[in-house]
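Protein chains in written order, with the numbering used here: chain R, 1 to 365; chain F, 1001 to 1585.
Calculated directly from the structure, the hints in this document are not laboratory data. Among the hints, a few may not be true.
[Claimed, not checked] Away from chain R, derived, C-beta distances all over 10 Å, residues of chain F:
(1) Ser1166
(2) Ala1212
(3) Leu1390
[To be verified] Computed spacing ranges between beta-carbons, pair by pair:
(4) Ala1505(F) to Gly190(R): 32 to 42 Å
(5) Trp1572(F) to Gly190(R): 48 to 58 Å
(6) Trp1299(F) to Pro37(R): 32 to 42 Å
(7) Ala121(R) to Pro1118(F): 43 to 53 Å
(8) Asp134(R) to Gly1031(F): 37 to 47 Å
(9) Trp1500(F) to Lys117(R): 21 to 31 Å
(10) Pro136(R) to His1270(F): 51 to 61 Å
(11) Val66(R) to Gly1031(F): 19 to 29 Å
Using N, Cα and C, we set each Cβ at its ideal position, and we do this for glycine too.
Letter by letter, the chains look like this.
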Amino acid sequence: MSAIVLENISKFFGAAAAVDNVNLQVETGEFVTLLGPSGCGKTTTLRMVAGLEQNSTGRISIGGEVVSDAAQGFFIPPERRHLGMVFQSYAIWPHMTVFDNVAYPLRIRRKSAQEIKERVATALKLVEMERFADRPAPALSGGQQQRVAIARALVFEPRVLLLDEPLSNLDARLRTQTGDEFRQLQKRLGITSLYVTHDQGEAMALSDRVVVMSMGKILQVGAPEDIYQRPHSRDVAAFFGSPNFIEAEVKACRSDTGGTFVLELDGGWKGPCHSSHEIKPGNKAAVMVRPENMRLVSGGQGPSATGMAWKGIVKESIYRGAHRSVMLDTPAGNLNIDLTALENPAVGANVDVFAAENSAWAVPV
Amino acid sequence: MTDNTAGAMTRNQPIAMPAPLQSLAQRLFSGRNVLVVSLVAILSFLAVYPLAMLLYGSLHSTPPGMAGEFNLNGYKSILNWSNTLVLLNTVAISLGKTIPSLTLAVLLAWIIARTDTPWRDKLEVLITLPFFIPPILTAMAWGMLGNPQVGLLNQVWKWATGATVSPINVYSYGGIIWHMMQYSTPFLFLFIVDIFRAMDPALEESSRMCGASRWRTFRLITLMLMLPALTNSFILSLIRGIESFESPLFFGTPAKIEVITTEIYNSINHRATPDYQYATALSFAIMVMMFLLVIWQWWLLKGRTFTTVTGKGYAPNIMKLGRWKWVTFSFCILFFVITVVLPVGQLLIGSFFKFFGFYSYDMLTTEHYVAVFNNAEVWRAIGNTMLLGLLGATAVMILGSIVAYVSVRTKWRGRRLIDGLAWLPWMMPGMVLGIGFLWAFAMLPGPIPIYGTIWALMLAYIALGTPISVRVMNSAYAQLSYDLEECSRVHGATFMQTMWRILIALAWPSFAVGWVLAFFGIMRELSASILLYSVGSEVLSVVLLRLWANGLAEQVSVIGLMMMLLVILFRWVQLKLIKSRISTL
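So here's chain R without its partners, still in its complex pose (with noise of 0.2 Å):
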């Protein structure tokens, strides 16, 4: 049974969508990740899963029992949805104590003082703030807030929990560590999950699938590996870094195992690339290679058969620490590059390029 299932979700803000036709199941157990630049819809869809937002059209059901359903005028309001959420802003009350905090959702619940007592130490403890429960919350650091917020979401034991860019506040370090800890909570407590974010870094170390967004629509749903490694459209592509794109014309397209294409490509250098679609020979293709997946061939060494290649000029090289970023002139246009660190070639010298056939990946133009 699926823990969240939306059909045909739309949501207008006067004419305009802002959420187009959505569907998606979550299983049961899962994390889940809605990706997206801001304003493609993604935190509307969460807002309209938690009740916060009505939706226009389709309908929602969270563990089998619908939520909200448009065409038959039927909403349960946020309240009787019994979902955990933690915002972006954390939304700690100031009034409270770290411990009302997250016995609020309890004692609104009438829970038994005792029972109270329990199941606030018992969350306070998951997230490591049990030292933290007597101090007013206009008291705690950004982090310590994230946790309470964290915190007052699982002590009722939702359904399941929802998470607006919790995130985005912290600072670069503590966003990753308190990230990967969060993720491991998740696992262990094994609640569905739904998350917004704009950090493509955030949603592939931490989700079992993506699903990016864009005008309101989703674009790809899969797991981390396949949207970056084996995106449908150059949006999704573009979406996570900066690929290069080299076009190419189709010569032959055959099926592959697992619903994939190889395509036997010409631009220039002649090689076999996988694709999701079927592109009729004659068509243009784009070729996906990640900066970081190509490196330099001394110029001896002929590239091995599975692969493309290319000649170039260093046009530029700047230092990141951890890798040297290259950009070079190639008759297949620009090329980026991630070099190692120690590497260094000479602006102006001429250098082979090399990519691995299993790192290209092709697009429809």
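Take the given structure of chain R and dock chain F to it, following the hints.
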């Protein structure tokens, strides 16, 4: 915890059946409509109805409640040379007090917010105190201090210099402006000091880094950033000056200097037969003038943003003044002495001498205290004022809280109308609203006996206080992010539970601060009260004015001192609240 989670998955009950929920939603929806409609009705009764009656009355030949005919005689009679002079007087006096007040307020605000003057936090409390003193008290006190014959200041001057001519006469243009400045300066200061504080210091620092001197930075950056706010304050103060009643009544009328408010008042109270049509037409004309001023204000502020200024709480740049800090300190103290110590001291002295102006040892007496405490009318007025203050302030704040919530926190249809209606009394001077209500009560159908009762005053006070209470609650809600409410809803609280546990719990200090403001407003109100009171429903300010008119300045001093005690007590409570609020939020 893992066990618990697994348990939660099975323990979940189906949350609700669709059918009852739908009817619940319908009930809520209609409940919302009922609320919106009743808000519109209440606010219309408080603002639109008296305004409409003002127009009606200005075209009606007889006083409220009598049969008559419709004509334009009212408007014809106000168009004459002496009224032009009255209008010029009004504007000139208001301008004359606004410009020095604003300058002084900027200077004081700068001293308090941006210099290392010692004990700035305490000075701030002292500087703002005059704003909370009812103007009628200081007017009476200055009437005694600056009286050309027996005024204390003149006596001291003559004694010290041996001169025979009194240098000070408060019954003059200068006297009116002097008195107005005493409460408009702290009023403007309250606005401006927060702007000085909220300014991002980086904006000024970058100007310094670009090579601008401190003074140049102040002129080119600081003042320019504050310009929209200063313009706003200027017009606000100008409007308040035109609406002002106490200062021209006390210092203008004896010197035959009339302004619009006193002209309206005199045409009803000091003529053989009150000329209601004339007064109403004049009131309507002043309303139109206010309206034009407000439009001018909007037009001036159009497109200007305050975003650079109203940011988060920054630590503002503090200027080290060195030895000059004692000069600024003394300046602030001087302001406090002139605006508070002198008048209150005069009341204190006046209350213990047999006749004010004759200050010798054998004139000392407590007979005025005895007289006041034995005066049943005074006690009745105190009772009325307290009742009106407590109930009125509570009603104003409840209404303001609901209106502010609907207009800023919801997307309900009709919220803009509600906001606009609540704001409307803002540009009505108390005098004008009083006349509007006179007509409004007289025109009420059937036996609704509001006129002549204490409830007539109550309604006028609620109308006058609502714009301020809405404003206070607006800013209180604006500080609370929507997340705080939504988070509560998602975690299981209903709308009402969220209101109670989150919104009210967080906003109540603002509510209390606004309540004290509203209470002060009611206690000091004179211009509407003087038109709407009748025997049995007198309030303190009206009784004070009557005693003063009867020459009982000494008894006035006694009552004034009692009111001062109340002002200080409430202001102290208010400051406590603000402080505790700032330390927890």
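We went through each hint and held it up to the structure:
1. Interface exclusion of Ser1166(F) from chain R stands, the closest Cβ pair being 58 Å apart, more than 10 Å.
2. Here Ala1212(F) stays apart from chain R, with its beta-carbon at least about 33 Å from theirs, past the 10 Å limit.
3. Distance check for Leu1390(F) against chain R: the nearest CB is about 26 Å away, which clears 10 Å, and the non-interface claim stands.
4. For Ala1505(F) and Gly190(R), the Cβ-Cβ distance of about 35 Å falls inside the hinted range of 32 to 42 Å, so the restraint holds.
5. Separation of Trp1572(F) from Gly190(R) is about 57 Å and conforms to the stated range, judged on CB atoms against 48 to 58 Å.
6. Separated by about 38 Å at the C-beta atoms, Trp1299(F) and Pro37(R) satisfy the suggested range of 32 to 42 Å.
7. Checked against the given bound of 43 to 53 Å, the beta carbons of Ala121(R) and Pro1118(F), roughly 49 Å apart, stay inside it.
8. Checked against the hint of 37 to 47 Å, the pair Asp134(R) and Gly1031(F) passes, with Cβ atoms roughly 39 Å apart.
9. Between Trp1500(F) and Lys117(R) the beta carbon distance is about 23 Å. The supplied range of 21 to 31 Å therefore holds.
10. A beta carbon spacing of about 60 Å between Pro136(R) and His1270(F) agrees with the range 51 to 61 Å that was offered as a hint.
11. Against the hinted window of 19 to 29 Å, the Cβ-Cβ separation of Val66(R) and Gly1031(F) comes to about 25 Å, which satisfies the hint.
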